[in-house]
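Taking the hints into account, I'd like the entire structure generated from these sequences.
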Amino acid sequence: MISQHLTIFPILIPMLAALIQLLPLGDHPQRIRRAIGLTSCTLLILVSVYLLVETSSGAVTSYALGSWQAPFGIVLVLDRLSALMILLTSVLALPVLIFACFGEDNLGSHFQALYQFQLMGIIGAFLTGDLFNLFVFFEVLLISSYALLMHGGGKLKLRATLHYVLLNLTGSAIFLISLGVLYGITGTLNMADMANKVAALTGDEALIARAGGLLLLIVFGLKAALLPLYFWLPQAYAMTTGTVAALFAIMTKVGVYAIIRVFTLIFGDHAGEAAMLGYDWLWWLGLGTLAIGGIGVLGSRDLRLIISYLVVISVGTLLTTFSMANAQAIAAVIYYTLHSTLITGALFLLADVIAEQRGKTASRVVKGRKMAQHATLGVLFFVAAIAIIGLPPLSGFVGKLFILEAARTGAQVALLWPLVLFSTFLIMIALTRAGSRMFWHTFDGKPNDVSHPGLQLASIGVLIGASLALTIFAEPVAQFSKDIAAQLLQPTDYISTVLEHERGNHE
Amino acid sequence: MELLYSITVGTLTACSVFLILRGRSFPIVIGITMLSYAVNLFLFSTGRLVINELPLIGQSQTPTDPLPQALVLTAIVIGFAMTAYSIILAVRVRGEIGSDEVNDPNYSASEGQRS
Chain A
1 MISQHLTIFP ILIPMLAALI QLLPLGDHPQ RIRRAIGLTS CTLLILVSVY LLVETSSGAV
61 TSYALGSWQA PFGIVLVLDR LSALMILLTS VLALPVLIFA CFGEDNLGSH FQALYQFQLM
121 GIIGAFLTGD LFNLFVFFEV LLISSYALLM HGGGKLKLRA TLHYVLLNLT GSAIFLISLG
181 VLYGITGTLN MADMANKVAA LTGDEALIAR AGGLLLLIVF GLKAALLPLY FWLPQAYAMT
241 TGTVAALFAI MTKVGVYAII RVFTLIFGDH AGEAAMLGYD WLWWLGLGTL AIGGIGVLGS
301 RDLRLIISYL VVISVGTLLT TFSMANAQAI AAVIYYTLHS TLITGALFLL ADVIAEQRGK
361 TASRVVKGRK MAQHATLGVL FFVAAIAIIG LPPLSGFVGK LFILEAARTG AQVALLWPLV
421 LFSTFLIMIA LTRAGSRMFW HTFDGKPNDV SHPGLQLASI GVLIGASLAL TIFAEPVAQF
481 SKDIAAQLLQ PTDYISTVLE HERGNHE
Chain B
508 MELLYSITVG TLTACSVFLI LRGRSFPIVI GITMLSYAVN LFLFSTGRLV INELPLIGQS
568 QTPTDPLPQA LVLTAIVIGF AMTAYSIILA VRVRGEIGSD EVNDPNYSAS EGQRS
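In the order they appear, the protein sequences are chains A and B.
Heads up, the first sequence is in our numbering, so the first residue is 1 and it goes up one at a time.
Heads up, the second sequence is in our numbering, so the first residue is 508 and it goes up one at a time.
Honestly, the hints are just simulated from the structure, not real lab data.
Any given hint could be a false lead.
[Unchecked claim] Residues from chain A that face chain B, not an exhaustive set, calculated with beta carbons under 7 Å: (1) F72; (2) G152; (3) K155; (4) L169; (5) A173.
Don't be surprised by glycine CBs; every beta carbon is placed ideally from N, CA and C.
Following this line, the structure appears as structure tokens:
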């Protein structure tokens with residue numbers, strides 16, 4: 001009975017948690033709010049593990065909200081990819097929230113509730129099977145991200161937030177225009193139904209659908225921070241607090257997920273005249289993003305800014321790889337998404353700790369005072385750096401290996417290999433410089449006396465440990481990624497599951 | 508009617524793009540508001556323009572499409588909230604930084620420093 005409704009639980013849990021957290025909860029509300037938030041994140045992990053196990057057989061679950069059947073009602077669709085992304089979100093969310101509970105959530109009001117709303121929006125975007133509903137969940141996650149980005153206040157944060165808000169408002173308008181174009185041509189907003197309708201289009205109508213699809217690519221590219229639309233990201237991520245930036249590590253991946261979902265399901269190989277729309281754009285823009293990100297990493301004088309550019313590089317790597325569109329490439333994208341999300345999350349938290357312990361020099365890459373927990377932080381930074389650079393033996397190496405293997409034709413190899421490897425080299429230079437300045441070239445004398453509780457460091461350790469786990473269990477994870485890729489490239493299962501209710505009612 | 512309608516939407520969009528590209532926050536907020544009007548009108552037209560008909564099948568030969576109306580309603584609500592938020596944000600920025608320039612003229616000096 002209840003297992004039938006489990007699909008919607010990942011949305012309901014954070015929503016209810018946030019609503020309770022908003023209530024006036026006695027004299028020490030923050031303590032209760034923290035307990036609720038941590039419970040919610042733990043429950044999310046349990047539910048998403050259950051859902052992942054359930055979908056691992058390849059079953060696609062369609063959940064009709066209010067029992068209004070597709071394509072007329074709104075459906076949530078759970079397949080392997082969405083289950084994995086939900087698990088990734090909740091695995092990132094719990095350690096970051098534990099880290100935030102040591103005082104950072106007191107910097108502004110309602111951090112805890114906004115955090116849960118943010119999770120709800122992200123998970124909703126992963127689950128929905130309806131394009132307009134995707135827009136609504138994008139708005140939910142954006143509205144909470146606007147507030148979270150400002151968390152703690154400050155002039156520079158304000159300006160970065162203003163840029164972020166204005167850009168995303170324009171992005172939302174373009175999203176609505178593209179939805180209007182697609183609805184006007186196909187007469188549906190359900191993704192599965194639209195995939196069928198777009199495939200049947202010919203002539204001018206197919207051209208208009210292509211225009212609508214490319215508009216969608218712009219919107220998702222803005223969320224994912226693709227080349228001409230990435231300028232908001234480094235400032236926004238570098239200015240905000242560590243916990244928020246760590247949570248936002250999943251935000252660009254929402255854009256990547258939306259691109260993967262829409263451009264395999266609706267504009268994939270099966271889409272008739274609109275087939276393989278935008279893949280060539282993704283290829284070139286992704287390569288450009290990689291190059292620009294590499295230059296940005298090398299030019300940054302602040303550890304946070306370096307990590308922000310690492311996010312840009314990872315987006316470039318992911319989208320370039322995705323645009324090759326073979327099963328191995330998509331599997332590599334999924335493996336690399338898991339790795340880069342968790343490690344950039346850990347690095348943002350670590351940069352926060354380092355900045356606080358260094359005191360006046362903060363996270364700038366300059367000579368500074370010794371930190372109180374110098375050795376521990378040094379080890380954490382070293383391991384995280386190895387993972388994100390992609391040196392053996394950690395998951396970054398495995399992920400990059402998969403990506404390089406996925407390049408098939410000569411042209412792909414000739415462009416992808418040098419750019420990925422050279423950006424790796426640039427990341428290595430930048431992180432080596434940052435690490436040696438911060439940990440080795442310190443002033444003589446007493447270390448700074450600001451130290452952090454063990455649990456905060458442990459939560460960073462957990463995120464870095466996930467990279468270790470991804471390395472040890474590389475084989476099953478890679479196998480699962482291949483299953484996901486196979487499911488994405490054969491969307492007939494997805495489409496028939498979503499639309500079967502309708503047929504059942506008529507027959 | 509279609510011609511008048513599309514000219515209206517086009518003009519609104521063109522003006523809003525001009526305003527969004529300005530350098531100060533107030534014209535940008537106005538531009539985004541205008542853009543959301545243009546988008547709402549555009550969404551409304553995606554169900555095809557029909558005059559004086561009910562959104563009910565069976566009542567007439569050419570019923571209107573009820574879905575775009577629902578979409579526009581959702582878009583209006585979200586757009587309204589977002590406009591309110593961006594105005595408050597613009598006012599805060601004006602108050603705290605003392606200028607409504609969207610870009611910081613002294614950017615490089617403050618790079619990487621959090622206050």
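- Message: Does G152/A hold up as a contact with chain B if the rule is Cβ-Cβ below 7 Å?
- Response: violated (9 Å)
- Interface hint compliance - K155/A to chain B, C-beta minimum distance less than 7 Å: With a closest approach of 5 Å, the K155/A hint holds.
- Does the CB of L169/A sit less than 7 Å away from some CB of chain B? holds (5 Å)
- At a threshold of 7 Å, is the proposed contact between A173/A and chain B supported by beta-carbon distances? Holds. Min distance 5 Å.
- Item | chain B contact restraint for F72/A - C-beta distance below 7 Å | violated (9 Å)
Going through the hint list in order, the structure does not satisfy hints 1 and 2.
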